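As you go down the protein sequences, you meet chains H and S in turn.
Read left to right, the first sequence gives residues 1 to 507 (the working numbering).
Read left to right, the second sequence gives residues 508 to 619 (the working numbering).
Hint data in this document are derived by calculation from the structure and do not stem from the laboratory.
There's no promise every hint is true.
[Said to hold, decoys possible] The following label-pair restraints were derived from C-beta to C-beta distances:
#1 T128/H <-> V607/S: 27 to 33 Å
#2 E509/S <-> S229/H: 48 to 54 Å
#3 R598/S <-> E310/H: 45 to 51 Å
#4 E35/H <-> E509/S: 29 to 35 Å
#5 G605/S <-> P502/H: 51 to 57 Å
#6 T14/H <-> H517/S: 27 to 33 Å
#7 S580/S <-> K47/H: 47 to 53 Å
#8 H517/S <-> I504/H: 54 to 60 Å
#9 D474/H <-> E522/S: 47 to 53 Å
#10 S580/S <-> P30/H: 51 to 57 Å
#11 T85/H <-> R598/S: 21 to 27 Å
#12 S229/H <-> R610/S: 48 to 54 Å
#13 K591/S <-> S229/H: 53 to 59 Å
Treat the numbers as computed from the prediction; the structure is a model and nothing was measured.
The beta-carbon is built from N, C-alpha and C at its ideal position, and this holds for glycine as well.
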Amino acid sequence: MSYLNVQEVESAVTNLATANSSLCELITLPFQTHEGRICHALRIGKKPKTECDNIFIIGGVHAREWGSCEICVSFAADLLEAYVTNTGLQYGGKTFSNNQIRTIIENLNLIVFPDVNPDGRNYSQTSTTPLWRKNRNPTAGVDINRNFDFLWDYPNLFSSLAQVEPYTSKDPSSYQYHGPFPFSEPETRNVLWLFDEFPRIRWFMDIHSYSQLVLYNWGDDQNQSNNASMNFKNSSFNSVRGIRNDTAYLEFIPACDLARVIPQANEMKNSITSVRGKNYIVEQSFDLYLTCGTSIDYAYSRCYTNPSKEKIHGFTIEWGTDFQPPWVEMEQIILDISSALVTFCVQAQFEGNVDKIIVKILTGDKSGASTNGKVYLGIGGREFRLNKSGNQFQRGKEDEFIIGVGSNVLNSNKNGLPLNSSFLNDSPEIPLNTVSIYPMYIRFEPSNNNDKWNVDRVCVSVSSNFCIPPNGLDFHADILNGSNDDNIWLEKDSGLFVGLRPGICPT
Amino acid sequence: MEKTFKVRAHSDNLELLQNFLREHKLDIGCTGGITVKEKRYSVDIYASEKEKNQLQKEILEKGLSKKIILEISDITDYLSDRLKEVGTGDRYKETKEGKVIPRGLGTKVNQQ
Chain H
1 MSYLNVQEVE SAVTNLATAN SSLCELITLP FQTHEGRICH ALRIGKKPKT
51 ECDNIFIIGG VHAREWGSCE ICVSFAADLL EAYVTNTGLQ YGGKTFSNNQ
101 IRTIIENLNL IVFPDVNPDG RNYSQTSTTP LWRKNRNPTA GVDINRNFDF
151 LWDYPNLFSS LAQVEPYTSK DPSSYQYHGP FPFSEPETRN VLWLFDEFPR
201 IRWFMDIHSY SQLVLYNWGD DQNQSNNASM NFKNSSFNSV RGIRNDTAYL
251 EFIPACDLAR VIPQANEMKN SITSVRGKNY IVEQSFDLYL TCGTSIDYAY
301 SRCYTNPSKE KIHGFTIEWG TDFQPPWVEM EQIILDISSA LVTFCVQAQF
351 EGNVDKIIVK ILTGDKSGAS TNGKVYLGIG GREFRLNKSG NQFQRGKEDE
401 FIIGVGSNVL NSNKNGLPLN SSFLNDSPEI PLNTVSIYPM YIRFEPSNNN
451 DKWNVDRVCV SVSSNFCIPP NGLDFHADIL NGSNDDNIWL EKDSGLFVGL
501 RPGICPT
Chain S
508 MEKTFKVRAH SDNLELLQNF LREHKLDIGC TGGITVKEKR YSVDIYASEK
558 EKNQLQKEIL EKGLSKKIIL EISDITDYLS DRLKEVGTGD RYKETKEGKV
608 IPRGLGTKVN QQ
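In isolation and in its complexed conformation, chain H is listed as follows (with noise of 0.2 Å):
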């Protein structure tokens, strides 16, 4: 093998779809490029686009970071044959189990972009000038990961003291020239047509070379959680933006996300290493240089621009040390490369997965309230006996049930996967998703016909290391509410069921 030029990128693309017709669909971007080429990415999955989590992969945003469609087009062939050859794919130190690559299959759909720029791409490869970074837009080639919607207008949107130049440019004859407007080209239009065409894509990773880093959102300055209001959108910041070092502005991410994106960005990393040994850094994007403009933070950004679209969070892996490395040593780079690729995957069948349910109930200060009875909790389709040591469901008490991450219930071992990932430990066995799809609710079932129970209170928190929705998923009987003494009784004579609403458990 050796660098696939331009036209062997689309038909390494094409002839994935057609041998795997079942499992792939070949998917035309609608927009040209300046020369009149058009492109094809494919979605790689079981299941249909809106009926799982989707992963967005890109490559060949830069023209002359080679290595990146082959590292694209390798990891699809490899997902690909493995599954239907019911193996497992294994790059130097690092094996991936049959079961972990049908599970990617069945479980997700990977769409991936291998050559966003093939202008670019094929003037690098033929012309004399192989370094070419930018599109080949006639009028003055365009930096495409620049031109994505993100802060894209830096003059009005960053300190004038913030280095944002020289690495993003308004001049056309630089060579990171942001483009006349965001969006303005056809390469990056049929990025966000992707997003756009894939709601349920929760993941992204753009690949390119070089530095030998993974790297996790924000870029336009360094990342705080504690001040929700200071953020990008927030225009009272304009002029204070993007200097490194400073209090005065720095980005907000949710301080959930972070504990999200590190150990998978450190995941990848880890993975990486198992190869070969190479020892890839993890770092925010912003610990690099100062950018705007960009895929991941334009990925990221979407869901709070627009509250309505799924939050997702977006990596930037720069392989190598060389924009383009020998071949022989690019083998060994895609090697590394798909391997942090399959890990990202596999930890993202996790990400959709409640590691946490935490459930408070207070039974009612009355006469008789207390039960010997058992209790039971409904959610996600399957239920879970609320039964921990001691007493519990007395007279006046509040009880506290853990169930997943420190859980506190007996016999918590039948609740949990059997996980052989240290990524999440006592996951219960509901996919996120299901929460919301199936009714929640308690469920009582007395020791005997006559025993019955008093109920004040029923409050349910779901939590994930994903952290979705942005608000949180709690949970309450909303029936016992009101301001007046409503509390209910549970027993075989009048009921035996409580449903549940989601929001905040009123204190």
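Position chain S against the provided structure of chain H, taking the given hints into account.
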């Protein structure tokens, strides 16, 4: 093939190096930014012969030759060798035997 150079610029003064980068239209995208090792700041720049000469000239004219050190490598031949590693034609073009399906570089293993 145009002459192409990889220029690694070093300085002990971060601000000076940042201003130098800001004042010139340099090709520094995705080259790793400014790194620091033992209080010495460095950045990779890619340059044509004309750009490289201009950089050298300005550093001399501004009296910066001891404050910004340029480590210059001619990578023209290296890039030329890489261009020879790009496929010609279409290795996946349909043949009499049918379509040629790309294969990934990962090893397929039976790992239950």
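Structure-based check of all given hints:
1. Between T128/H and V607/S the beta carbons are some 31 Å apart, a value that agrees with the proposed interval 27 to 33 Å.
2. Taking the beta carbon of each, E509/S and S229/H are about 50 Å apart, inside 48 to 54 Å as hinted.
3. At roughly 38 Å, the beta-carbon separation of R598/S and E310/H lies outside the given 45 to 51 Å, and the hint is violated.
4. Taken as a hint, the range 29 to 35 Å is violated for the pair E35/H and E509/S, whose Cβ atoms sit roughly 21 Å apart.
5. Between G605/S and P502/H the beta carbons are some 54 Å apart, a value that agrees with the proposed interval 51 to 57 Å.
6. Our hint of 27 to 33 Å for T14/H and H517/S is violated, since their Cβ atoms are close to 47 Å apart.
7. Distance hint for S580/S and K47/H: a CB-CB separation of about 50 Å, consistent with the stated range 47 to 53 Å.
8. Look at H517/S against I504/H: about 56 Å separates their beta carbons, and that is inside 54 to 60 Å.
9. Evaluation of the 47 to 53 Å hint for D474/H and E522/S yields a pass: the beta carbon distance comes to about 50 Å.
10. Checking the proposed 51 to 57 Å range against S580/S and P30/H shows it is violated: the Cβ atoms sit about 43 Å from each other.
11. Restraint check, T85/H to R598/S: a C-beta distance of roughly 22 Å satisfies the suggested window 21 to 27 Å.
12. Distance hint for S229/H and R610/S: a CB-CB separation of about 52 Å, consistent with the stated range 48 to 54 Å.
13. At about 56 Å, the CB distance of K591/S to S229/H agrees with the hint of 53 to 59 Å.
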